[in-house]
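Undergrad: Here is what each chain is made of, one letter per residue.
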Amino acid sequence: MSDKEPLFSKKNLKLLSDPLNSSNPITVQVLGICSALAVTAQLKPAIVMSISVIAVLALSNVIISLLRNTIPNRIRIIVQLVVIAALVILVDQVLKAFVYDVSKQLSVFVGLIITNCILMGRLEAFALGNRPWQSFLDGIGNGAGYSVILIIVAFFRELLGSGSLLGFRIIPESWYIANGGFYSNNGMMILPPMALITVGIIIWVQRYRNRNLIEN
Amino acid sequence: MENLINIFVKSIFLENMVFAYFLGMCSYLAVSKKVSTAAGLGIAVIFVLGITLPVDYLLENYVLKEGALAWLSPSLASVDLSFLSFIMFIAVIASMVQLVEMVVEKFAPVLYNQLGIFLPLIAVNCAILGGSLFMQQKQFVNLGEASVYGIGSGVGWFLAIIGIAAIREKIEYSKIPAPLRGLGITFIVTGLMGLAFMGFMGIKL
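Top to bottom, those sequences are chains A and B.
According to our numbering, the residues represented by the first sequence are 1 to 216, in order.
According to our numbering, the residues represented by the second sequence are 217 to 421, in order.
One chain only, chain A, in its complex shape:
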């Protein structure tokens, strides 16, 4: 890659767009599922979590990419962990300072970004062998791919499970059985297992539309 290459060349844009669909970190690369599901019972924590992951992923990709020629191969995992952990501590402190209630809701899952496989996976697979700007785009792209799934799952779980979105009521109060209507929330959507089933269904839809992802 020459230095003359424009910042948003076709190749670079592909780094951004591929993870959104055909190489989505969650549904195709199977990375980072641990933290993806636990925070999706409501939309708000899912969005906060997405932003945190995008920030940590993009920054750690850039830092590792800048250091890639100076890190001895044998200790690279420790170096990566230290960089990630430092960034996660920063994010955790920022969340505690500005959105305390959401940070309480996310509880241990902010800390668990450290062991989120997307981070290690992208650092190993991409940042160690590419220039900082490409790594930055790769980080943003993969973070966005992760966020898309998170937000879709949270959208359905909050809408069907609590009848609201971002805390605003969507299903009118008068529809509920308690108020003489016909509707009641599907309480099962809030339970953890339904997150897994929702992701399973998303994978089903995605692979139905994109046939070359199907496994034998």
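Please keep in mind that the hints were generated in silico from the structure rather than gathered at the bench.
All C-beta atoms in this analysis are idealised placements derived from N, C-alpha and C, irrespective of residue type, glycine included.
Misleading hints may appear alongside valid ones.
Among chain A residues calculated to face chain B with C-beta under 10 Å, some are [unchecked claim]:
(1) I33
(2) I71
(3) P72
(4) N73
(5) L159
(6) I177
(7) P192
Given the coordinates of chain A, assemble chain B onto it according to the supplied hints.
TA: Below, chain B alone, put in the same frame as chain A:
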């Protein structure tokens, strides 16, 4: 004693690492194609959780917590290092995994060969760090409770991965819609297993 059994049962069934918190899902999905390898990884996880949790407990209570350094000198009683806990825990886990790997290689070469590459991989298994962070949140009163919680969570993870591996071995022979094959059906089966595990809800000893 009753308390310890309660924590043990609760951490296996009610607060199962996989079904209730989705921790360690990456290796859970990647290494569950055969029962024998799944069992190897499961045992390694029990092992590492059982060792790192007590160590992290000591670290938390004698170094990191607010006022934990008071045993060194009274002037340190107001020091709060808890913001360092992520980085300390992950360092402890990485070094413990390394240590366990060396000990197992020396004293149980058969087990070492069975576990193979899984041991080093455990360092980035979210179940391990998750265990430590939950331990920090639950504020156990003594070392025994923390260790029992660690072993219990490990056993819960072990049960989950053995279960899914056995189901996946059988599922090979079923007719599944093509787009759902592989990852999709594994997610849905895990969800159903999670629902089944929720049947234990409310158990108290």
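Undergrad: Hints the structure violates: just list their numbers, smallest first.
TA: Violated hints: 2, 3, 4, 5, 6; rest satisfied.
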